[in-house]
Amino acid sequence: MLIKKPADIQPSEITPESVYRRRREFMRDGAMLAAGAMLSPLAAPVALAQQGDALKAAAPAGLTRTPPAPWWEGKFEHVQPAPSEEPFYTNESLTPYEDVTRYNNFYEFGMDKSDPHNRSGEFRTEPWSVEISGEVGKPGTYHLEDILKPHDLEERVYRLRCVEAWSMVIPWIGFPLADLIKRFEPTSRARYVEFETAIQRDAMPGVRSRFSIIDWPYREGLRIDEAMNELAFLAVGLYGSYLPAQNGAPIRLVVPWKYGFKSIKSIVRMNFRETQPNTSWNDLQPNEYGFYANVNPAVHHPRWRQDTERRLPQTLFSRQVIPTRLFNGYGEQVAHLYKDLDLARHY
Amino acid sequence: MAKAVGPSARTRPGPLKPAVFSLSLLPLAWLVWRIAGNDLGPDPVQELATATGEWTLRFLLITLSLTPLRQLSGRIEFVRVRRMVGLFALFYACLHFFIWMSLLLAFRWSAIGEELLERPYISVGFVSLLILIALGATSPKAMVRRMGRNWKRLHRLVYPAAILGVVHLTWILRTDVGEAALYGAILAILLGHRLWRHLTR
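Which chain is which? The protein sequence lines are H and D, in order.
My numbering applies: residue 1 is where the first sequence begins, and numbers increase by one.
My numbering applies: residue 1 is where the second sequence begins, and numbers increase by one.
Chain H on its own, in the form it takes in the complex (with noise of 0.2 Å):
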């Protein structure tokens, strides 16, 4: 008897990963959308900003995200839109929430712009506790729903500038640094606050790379005027939702007239102290990276020139190459931080 061989599948038939990864996200997304639908307070952040309520941006339509935990939600529900005016917000373009989450550094989850966005599901962001130990009145070990408790959380449009020559502009969501630093009570011997990101080995493939010549845990370090500046922010969202793991998970600082590496993620220890902390990359490369890391054009990076920056997103036929501005455009409230320092010796 003849038994017909199937004819081999053509490759023309098969389906482009990029496409059955998109069907999946589609699918998934309108699965939680579906599940948020029904279970209304789930989308209610979302749908909020949705419906044009004054938040000036809001995750793409059909994109449900679920909070990391059930207190989480109330949390989103009353979100200060950012004013109109510099410098809590900017009406330059905004770059894509698509380009915000899938374009990061966040070397715990690996060397590749992408990786935060494609090796961060496992990472866990509940429970999550924050230490805060040093030169403070109030020391201890708070879980994250207490820290938040007394803040109510508003919108930030900022330009985040990163030291590779690239930049986005990014609407936030959190509350002000000095804000949460006042109710722990530094003492006057607190100058200056240390910042440590989590590590979860299982859930970090960069940590566990033999190749990676970080000391984890990733650390940063301001000044405490610095900390205390009005723009100085601690981020818990953008978009108008919470945050991604690879965006720094559930909860961040943003220092917008910094370069971006200062701006740590995932933060688990806030340490006040006398004097000055060692911070990542500073231990790693001094004469590359220093402790202010300021925004300066007229300082170069050994590796990348500071004079110009590219807008994100690009594509090779509109391509937007702007000047970088000195403290990132956010002289007027920065300044006055350095007036006695040589910002070419102390980069």
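The hints are simulated quantities; they were obtained by calculation from the structure and are not laboratory data.
Virtual Cβ for every residue (Gly too), placed ideally from N, Cα, C.
Treat each hint with caution, since some may be false.
Stated by the list, open to error - According to the in silico footprint, chain D covers these stretches of chain H (three or more CB under 8 Å from chain D):
id : stretch
1  : 106-115
2  : 210-220
3  : 307-319
Claimed, not checked - Computed footprint of chain H on chain D, listed as stretches where at least three residues anywhere in the stretch have a Cβ under 8 Å from a Cβ of chain H:
id : stretch
4  : 42-52
5  : 119-128
6  : 177-189
Use these hints to put chain D onto chain H, whose structure you have.
Below, chain D alone, put in the same frame as chain H:
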């Protein structure tokens, strides 16, 4: 008899060279495809610069592996495509350099000059490119004949060119040096093999 076979075998047209030529164009075709589909991500210029740089290094390492492969396998075909593969390394290096000058620095000549002199990783990359250009320019058969023994001496510069290429890559990486370690290890094996042969001959 052997004498008669030698040259004719060398010049015999076969599918080998066209095949290698086509394969070597695949990375370029892939990049053009991604440009056409606007699939280079939010920072396409950086992506193009990185991709062409990596392909330069890969072609250099492939070029350097052909002689050891011939020695180990005894097959002459490997050496027959050596010049072509080497020229493709030069080709991707030129693309890389051109993208850097045009798209990243927008032909701001003073900035380009500053970069070449003040960023050490760019300086070493540029020296490597100059070497590759010199090797490419002296690659036609007529030049090989004319230069005689000097040709071989000059073309030994491919070793420092490859080393500088790996240094150039290592220097731009911010942390995880895995990729550079891989290329460095391959280069070390290829150069080590030559050294070993030289010492044991």
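Verification of the supplied hints:
Counting residues of the stretch 106-115 of chain H whose beta-carbon sits less than 8 Å from any beta-carbon of chain D gives 5, enough to reach three: the coverage restraint holds. Three residues within the 8 Å Cβ limit are the bar, and the stretch 210-220 of chain H against chain D gives 5, so the coverage statement holds. Only when three residues or more bring their CB closer than 8 Å to a CB of chain D does the claim for the stretch 307-319 of chain H stand; here the count is 8, and the claim holds. Only residues whose C-beta sits within less than 8 Å of a C-beta in chain H count toward coverage, and the stretch 42-52 of chain D has 6 of them, enough to reach three; the restraint holds.
Look at the stretch 119-128 of chain D against chain H: 3 of its residues bring a Cβ nearer than 8 Å to a Cβ of that chain, three or more, so the hint holds. Given as covered by chain H, the stretch 177-189 of chain D passes the check, having 4 residues with a CB less than 8 Å from a CB of that chain where 3 are the minimum.
Taken one by one, the earlier hints all hold for this structure without exception.
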